Amino acid sequence: MPSCFTFETGHAAKRQCLKDRNVLAIKPLMPPACVLEELPVSPQVYDLVNATRTAVSHILHDHDNRLVAVVGPCSIHDTAAALDYAKRLKALADELKGELVIIMRTYFEKPRTTVGWKGLINDPDLDASSEFLDTISPQFTADLVSWGAIGARTTESQLHRELTSGLSMPMGFKNGTGGDLQVAVDATVSSSQPHTFLGLDENGIASIVRTRGNKDCHVILRGGSSGPNFKDNFIEEAVGKLVKAKQPYKIMVDCSHGNSRKQHAEQANVSSYLADIVAEGNTNLLGIMIESNIVEGNHGAKKSCEESIKAL
Numbered sequence: 001m002p003s004c005f006t007f008e009t010g011h012a013a014k015r016q017c018l019k020d021r022n023v024l025a026i027k028p029l030m031p032p033a034c035v036l037e038e039l040p041v042s043p044q045v046y047d048l049v050n051a052t053r054t055a056v057s058h059i060l061h062d063h064d065n066r067l068v069a070v071v072g073p074c075s076i077h078d079t080a081a082a083l084d085y086a087k088r089l090k091a092l093a094d095e096l097k098g099e100l101v102i103i104m105r106t107y108f109e110k111p112r113t114t115v116g117w118k119g120l121i122n123d124p125d126l127d128a129s130s131e132f133l134d135t136i137s138p139q140f141t142a143d144l145v146s147w148g149a150i151g152a153r154t155t156e157s158q159l160h161r162e163l164t165s166g167l168s169m170p171m172g173f174k175n176g177t178g179g180d181l182q183v184a185v186d187a188t189v190s191s192s193q194p195h196t197f198l199g200l201d202e203n204g205i206a207s208i209v210r211t212r213g214n215k216d217c218h219v220i221l222r223g224g225s226s227g228p229n230f231k232d233n234f235i236e237e238a239v240g241k242l243v244k245a246k247q248p249y250k251i252m253v254d255c256s257h258g259n260s261r262k263q264h265a266e267q268a269n270v271s272s273y274l275a276d277i278v279a280e281g282n283t284n285l286l287g288i289m290i291e292s293n294i295v296e297g298n299h300g301a302k303k304s305c306e307e308s309i310k311a312l
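Just so you know, the sequence shown maps onto residues 1 to 312 in UniProt numbering.
It is worth saying that the hints were derived from the structure and are not from the lab.
Worth double-checking, as some hints may not be accurate.
[As the list claims (entries may be wrong)] Subject to a maximum C-alpha distance of 27 Å in a straight line, what follows is the list of computed DSS-like cross-link-like pairs (lysine-lysine):
1) K97 / K87
2) K97 / K231
3) K215 / K246
4) K215 / K244
5) K241 / K231
6) K244 / K231
7) K241 / K215
8) K215 / K97
9) K262 / K231
10) K246 / K231
Note that this is a predicted model, so its numbers are computed, not measured.
Produce the entire structure from the sequences given, and follow the hints as far as they go.
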């Protein structure tokens, strides 16, 4: 029974009725500044992140003719497996660095249309380029991110557009889950402009954040419920909308999700098609996203998220 239905009297009891009626617990976090001090970025990591951000920006703005390839697991749930994958990918990145800027997909947060495992960062019971789902975690992790994305479910969110306007790395906006392209174009326009919003500073204090706008935003075509949108005609449509909006015109294509009709093996066909149009002279591609892992498969949601987590 809620606390407001008690025999307590007085202002304190009445006030309790107005807040936290559906909150089970609140667990304080260390301020971001303390975490960053305890786990500082090494000079080598700083140089790598900074160089990769610069390279992606140069490709986006037509100052570098390479392509970006964001490759990696759907999400990170096993840190040892992720490191194993990263070591293998690093060898390929070094081999192809003259043609590709390869960035490992490292998603610690996962959006869910209904319910399901929401990612390692939200899961205190597991031992452990990124998609930003909230406005707080970037204060802890953004210094390690070379490129970021806003997903199809949050591209239209004003809060995420404001957040992106202040982030320090290139950012991609996916088209909507239904396939709507305009929301992603609008998001790049909005995020390129200055914003003022409520956020946290590095000391964990609620603050008014003023941003200058992020000029390194782009669109990601990921398909949708209306079907795939990776073909040349869809790319041309997106380019036209971006040019009209006076935004960087280069497009990234997500080979997974709606473009593969959620069949991971189909990603090879999508990437092969894109390689062909690049070979034919199409210069509108920024790069591609590919979901891959060492072993194929997934864990579906069971009766509860807890059961799914235990199955991992």
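The hints, checked one at a time:
1. K97 / K87: 15 Å, holds
2. K97 / K231: 26 Å, holds
3. K215 / K246: 11 Å, holds
4. K215 / K244: Answer holds: K215 to K244 is near 16 Å, not above 27 Å.
5. K241 / K231: 16 Å, holds
6. K244 / K231: 20 Å, holds
7. K241 / K215: 17 Å, holds
8. K215 / K97: 25 Å, holds
9. K262 / K231: 17 Å, holds
10. K246 / K231: 23 Å, holds
Consistency note: the structure conflicts with none of the earlier hints.
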